[in-house]
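Could you build all of it, start to finish, from the sequences and the hints given here?
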Amino acid sequence: MVNLEIKIHELVFKNPVLTASGTCGFGEEIADFMDLSLLGGLVVKGTTLKHREGNAYPRMAETPSGMLNAVGLQNKGVDNFISNIYPRIKDLDTHIIVNVNGSTIDEYVALTERLNELDKIPAIELNISCPNVKEGGMAFGISCVSAEAVVKAVRKVYSKTLIVKLSPNVTNIADIAKAVEGQGADSVSLINTLLAMAVNAETRKPVLSTITGGLSGPAIKPIALRMVWQVYNAVKIPVIGMGGIMNATDAIEFMIAGASAVQVGTAIFIDPTIPVQIIDGIASYMERHKIQSINEIIGSLQC
Amino acid sequence: MKKTVTDFLLVENKQLNKDNFQLLLQSPQPFSDIYPGQFINVEIKEATEIFLRRPFSVLDVDYNQQTITLLVKILGRGSKKLTEAIAGQTINAIFPLGKSFTLPDKSDRILLIGGGSGVAPILFLAKICGLNPSNVNVLIGARSASDHIDVSSYLNFGQFFFTTEDGSLGEKGYVTNHPVFCEQLNKFNKIYTCGPDLMMKAIGRTAIKKNIFCEVSLENMMACGFGVCLCCVEDTKTGHKCVCTDGPVFNVNDLKW
Ligand SMILES: Cc1cc2nc3c(=O)[nH]c(=O)nc-3n(C[C@H](O)[C@H](O)[C@H](O)COP(=O)(O)OP(=O)(O)OC[C@H]3O[C@@H](n4cnc5c(N)ncnc54)[C@H](O)[C@@H]3O)c2cc1C
Ligand SMILES: Cc1cc2nc3c(=O)[nH]c(=O)nc-3n(C[C@H](O)[C@H](O)[C@H](O)COP(=O)(O)O)c2cc1C
Ligand code: FES
Numbered sequence: 001m002v003n004l005e006i007k008i009h010e011l012v013f014k015n016p017v018l019t020a021s022g023t024c025g026f027g028e029e030i031a032d033f034m035d036l037s038l039l040g041g042l043v044v045k046g047t048t049l050k051h052r053e054g055n056a057y058p059r060m061a062e063t064p065s066g067m068l069n070a071v072g073l074q075n076k077g078v079d080n081f082i083s084n085i086y087p088r089i090k091d092l093d094t095h096i097i098v099n100v101n102g103s104t105i106d107e108y109v110a111l112t113e114r115l116n117e118l119d120k121i122p123a124i125e126l127n128i129s130c131p132n133v134k135e136g137g138m139a140f141g142i143s144c145v146s147a148e149a150v151v152k153a154v155r156k157v158y159s160k161t162l163i164v165k166l167s168p169n170v171t172n173i174a175d176i177a178k179a180v181e182g183q184g185a186d187s188v189s190l191i192n193t194l195l196a197m198a199v200n201a202e203t204r205k206p207v208l209s210t211i212t213g214g215l216s217g218p219a220i221k222p223i224a225l226r227m228v229w230q231v232y233n234a235v236k237i238p239v240i241g242m243g244g245i246m247n248a249t250d251a252i253e254f255m256i257a258g259a260s261a262v263q264v265g266t267a268i269f270i271d272p273t274i275p276v277q278i279i280d281g282i283a284s285y286m287e288r289h290k291i292q293s294i295n296e297i298i299g300s301l302q303c
Numbered sequence: 001m002k003k004t005v006t007d008f009l010l011v012e013n014k015q016l017n018k019d020n021f022q023l024l025l026q027s028p029q030p031f032s033d034i035y036p037g038q039f040i041n042v043e044i045k046e047a048t049e050i051f052l053r054r055p056f057s058v059l060d061v062d063y064n065q066q067t068i069t070l071l072v073k074i075l076g077r078g079s080k081k082l083t084e085a086i087a088g089q090t091i092n093a094i095f096p097l098g099k100s101f102t103l104p105d106k107s108d109r110i111l112l113i114g115g116g117s118g119v120a121p122i123l124f125l126a127k128i129c130g131l132n133p134s135n136v137n138v139l140i141g142a143r144s145a146s147d148h149i150d151v152s153s154y155l156n157f158g159q160f161f162f163t164t165e166d167g168s169l170g171e172k173g174y175v176t177n178h179p180v181f182c183e184q185l186n187k188f189n190k191i192y193t194c195g196p197d198l199m200m201k202a203i204g205r206t207a208i209k210k211n212i213f214c215e216v217s218l219e220n221m222m223a224c225g226f227g228v229c230l231c232c233v234e235d236t237k238t239g240h241k242c243v244c245t246d247g248p249v250f251n252v253n254d255l256k257w
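Those sequence lines, one after another, are chains H and P.
If you read the first sequence in my numbering, its first letter stands for residue 1, the second for the next number, and so on.
If you read the second sequence in my numbering, its first letter stands for residue 1, the second for the next number, and so on.
Treat the hints with caution; some may be incorrect.
Straight line, CA to CA, 20 Å or less: simulated DMTMM-like cross-link-like pairs of lysine to aspartate or glutamate [unchecked claim]:
| no. | chain 1 | residue 1 | chain 2 | residue 2 |
| --- | --- | --- | --- | --- |
| 1 | P | Lys241 | H | Glu53 |
| 2 | P | Lys2 | H | Asp35 |
| 3 | P | Lys45 | H | Glu62 |
| 4 | H | Lys14 | H | Asp186 |
| 5 | P | Lys2 | H | Glu29 |
| 6 | P | Lys99 | H | Asp32 |
| 7 | P | Lys99 | H | Glu29 |
| 8 | P | Lys3 | H | Asp32 |
| 9 | P | Lys241 | H | Glu29 |
| 10 | H | Lys76 | P | Glu234 |
| 11 | P | Lys256 | H | Glu53 |
| 12 | P | Lys3 | H | Asp35 |
| 13 | P | Lys3 | H | Asp271 |
| 14 | P | Lys3 | H | Glu28 |
| 15 | H | Lys76 | P | Asp235 |
| 16 | P | Lys237 | H | Glu53 |
| 17 | P | Lys18 | P | Asp150 |
| 18 | P | Lys45 | H | Asp271 |
| 19 | H | Lys50 | P | Asp235 |
| 20 | H | Lys205 | P | Asp197 |
| 21 | H | Lys76 | P | Asp246 |
| 22 | H | Lys76 | H | Glu117 |
| 23 | P | Lys81 | H | Glu62 |
| 24 | P | Lys2 | H | Asp32 |
| 25 | P | Lys241 | H | Glu28 |
| 26 | P | Lys2 | H | Glu28 |
| 27 | P | Lys99 | H | Glu28 |
| 28 | P | Lys3 | H | Glu29 |
| 29 | H | Lys160 | H | Asp119 |
| 30 | P | Lys80 | H | Glu62 |
Please keep in mind that the hints were generated in silico from the structure rather than gathered at the bench.
Keep in mind the model is a prediction, meaning the values are calculated, not measured.
Shown next, in the form of structure tokens:
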């Protein structure tokens with residue numbers, strides 16, 4: 001038996017495979033396809049203080065080896081999460097992590113305070129990188145000063161594991177990672193989607209109602225890998241890698257580049273059983289390479 | 001029934017006319033309880049260009065043979081590629097997805113209207129209703145006679161009416177120009193429709209005006225098909241609803257039509 005356990009801050013994960021925010025709902029939607037307790041963790045849909053309807057349809061465009069989305073954080077708000085969803089998922093035998101969003105620092109703080117009360121939520125993922133909202137979102141994640149300000153404010157009110165999700169839409173992602181580490185982030189996760197667009201040549205119109213959206217899927221994997229490697233070399237806190245992971249080999253590549261854990265996103269749309277296949281695939285890779293503990297792989301890139 | 005990711009065997013791929021193909025898929029496991037309006041999300045194996053699955057409504061099921069029949073109309077690359085699949089090939093699909101039409105009561109007088117890629121759920125519904133004899137009327141529209149698929153095996157399930165834009169079969173014009181729709185609509189107490197957006201809107205708006213029960217099956221673009229991506233939403237009177245899980249069938253009164 002190989003040991004798949006990894007640690008992010010003080011939190012032990014049974015394996016390094018998590019499902020990414022916005023791609024696995026609240027877990028319940030994919031429960032038909034897999035035993036959720038097999039997952040290392042589950043990052044639920046982006047949550048905001050108040051209900052959000054999200055952007056107008058069309059919100060999706062298929063692109064070569066990927067897709068654009070412009071969902072815009074549609075969710076029923078934190079009160080609904082706490083009273084209706086949390087009771088149903090809290091006893092799942094996996095770490096439930098809430099993806100936290102706000103348009104102002106006060107909103108991030110107010111939302112975090114609510115989540116801090118929930119026993120069965122051991123960590124939050126602070127999303128300062130959503131490219132699909134007009135206010136807040138990515139704006140916080142593209143400058144060191146604003147990223148520091150949000151993390152500093154949230155850190156004051158949050159005692160558990162604080163993961164900060166970084167935007168790839170920056171010149172130097174390692175600088176942002178260092179900035180949030182400096183304010184007490186326990187981990188960074190990356191990458192969120194890349195700002196992109198699609199045009200319909202027949203109608204000369206944008207495909208998305210919002211004109212621009214976020215690119216995800218295998219198309220972004222090489223960029224994500226590069227960024228994970230850069231950030232891993234710049235910070236001491238653990239890195240959670242994602243972006244186009246479709247199979248176990250992709251996941252292992254991220255870990256070799258420095259990720260302590262990975263998140264599977266868009267791949268779930270193609271096949272919701274992929275996260276479990278990845279866990280099995282990592283285990284057989286380790287057996288094949290006679291690796292006892294997954295920690296031996298993390299950051300093992302030989303340059 | 002639980003949703004599953006299944007490797008189906010393509011038993012038969014029959015070309016019905018220029019753009020329409022009928023695919024017979026066999027599941028390795030038994031399944032049950034699939035109703036008209038529900039769909040399956042099919043993986044199309046093609047390098048890079050086609051990344052997402054493509055949704056197709058169920059045209060028919062045979063629980064004994066463990067088969068599902070699809071009616072695939074060529075629209076773009078994905079549907080084209082699927083129609084090129086050959087018998088013996090494996091086709092991976094996620095099913096069953098979505099909510100079905102509300103099945104009518106025996107005493108209902110129903111009008112089913114299909115067009116374009118929306119004929120499959122309409123024929124499935126006609127068959128299910130026709131098996132429990134009731135007053136079933138089916139109106140199908142297409143561009144011309146050669147675009148209509150052969151529905152002779154369905155004729156004993158109800159009364160059929162056709163329209164073509166060029167007048168080569170049935171009434172000339174759109175389905176909404178057919179007398180059964182524009183003159184005799186009051187004969188019906190329930191309308192079910194699936195097809196091009198403009199067709200469904202024209203039908204739905206008339207139904208709202210005349211206060212006739214009407215369900216439409218929407219074909220919004222989907223990424224996942226099982227409610228996690230929130231890409232397929234329709235703006236309804238109660239906010240954004242996922243077409244793949246809250247639909248694809250909606251009562252027109254819930255839509256902002
Ligand atoms: C619930 C549901 C049930 C469906 N049932 C059937 C069915 O039984 N038979 C059938 O032939 N088709 C059905 N469709 C439509 C079918 O999914 C699309 O025709 C197919 O996805 C097009 O893929 P493509 O790669 O061929 O086209 P693409 O190359 O992706 O696109 C070609 C053109 O088609 C448009 N298009 C793409 N996807 C859709 C869509 N989902 N709805 C409307 N327009 C689209 C694009 O905007 C573009 O203009 C259904 C769709 C849904 C959502
Ligand atoms: C439809 C969709 C919705 C998403 N919603 C969120 C979200 O609410 N919060 C967030 O932090 N990231 C969100 N993401 C980004 C993913 O979590 C992930 O960072 C990104 O898609 C890259 O990984 P992937 O290529 O494996 O999908 C979303 C992505 C997609 C495709
Ligand atoms: S297609 Fe993903 S939620 Fe409907």
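Status of each hint after checking the structure:
no., hint, result
1, Lys241(P) - Glu53(H), "holds (10 Å)"
2, Lys2(P) - Asp35(H), "holds (13 Å)"
3, Lys45(P) - Glu62(H), "holds (15 Å)"
4, Lys14(H) - Asp186(H), "holds (18 Å)"
5, Lys2(P) - Glu29(H), "holds (11 Å)"
6, Lys99(P) - Asp32(H), "holds (16 Å)"
7, Lys99(P) - Glu29(H), "holds (15 Å)"
8, Lys3(P) - Asp32(H), "holds (6 Å)"
9, Lys241(P) - Glu29(H), "holds (15 Å)"
10, Lys76(H) - Glu234(P), "holds (16 Å)"
11, Lys256(P) - Glu53(H), "holds (15 Å)"
12, Lys3(P) - Asp35(H), "holds (13 Å)"
13, Lys3(P) - Asp271(H), "holds (12 Å)"
14, Lys3(P) - Glu28(H), "holds (12 Å)"
15, Lys76(H) - Asp235(P), "holds (15 Å)"
16, Lys237(P) - Glu53(H), "holds (12 Å)"
17, Lys18(P) - Asp150(P), "holds (12 Å)"
18, Lys45(P) - Asp271(H), "holds (13 Å)"
19, Lys50(H) - Asp235(P), "holds (19 Å)"
20, Lys205(H) - Asp197(P), "holds (19 Å)"
21, Lys76(H) - Asp246(P), "holds (16 Å)"
22, Lys76(H) - Glu117(H), "holds (19 Å)"
23, Lys81(P) - Glu62(H), "holds (16 Å)"
24, Lys2(P) - Asp32(H), "holds (6 Å)"
25, Lys241(P) - Glu28(H), "holds (17 Å)"
26, Lys2(P) - Glu28(H), "holds (12 Å)"
27, Lys99(P) - Glu28(H), "holds (17 Å)"
28, Lys3(P) - Glu29(H), "holds (10 Å)"
29, Lys160(H) - Asp119(H), "holds (10 Å)"
30, Lys80(P) - Glu62(H), "holds (16 Å)"
Checked against the numbered hints given earlier, the structure satisfies every one of them.
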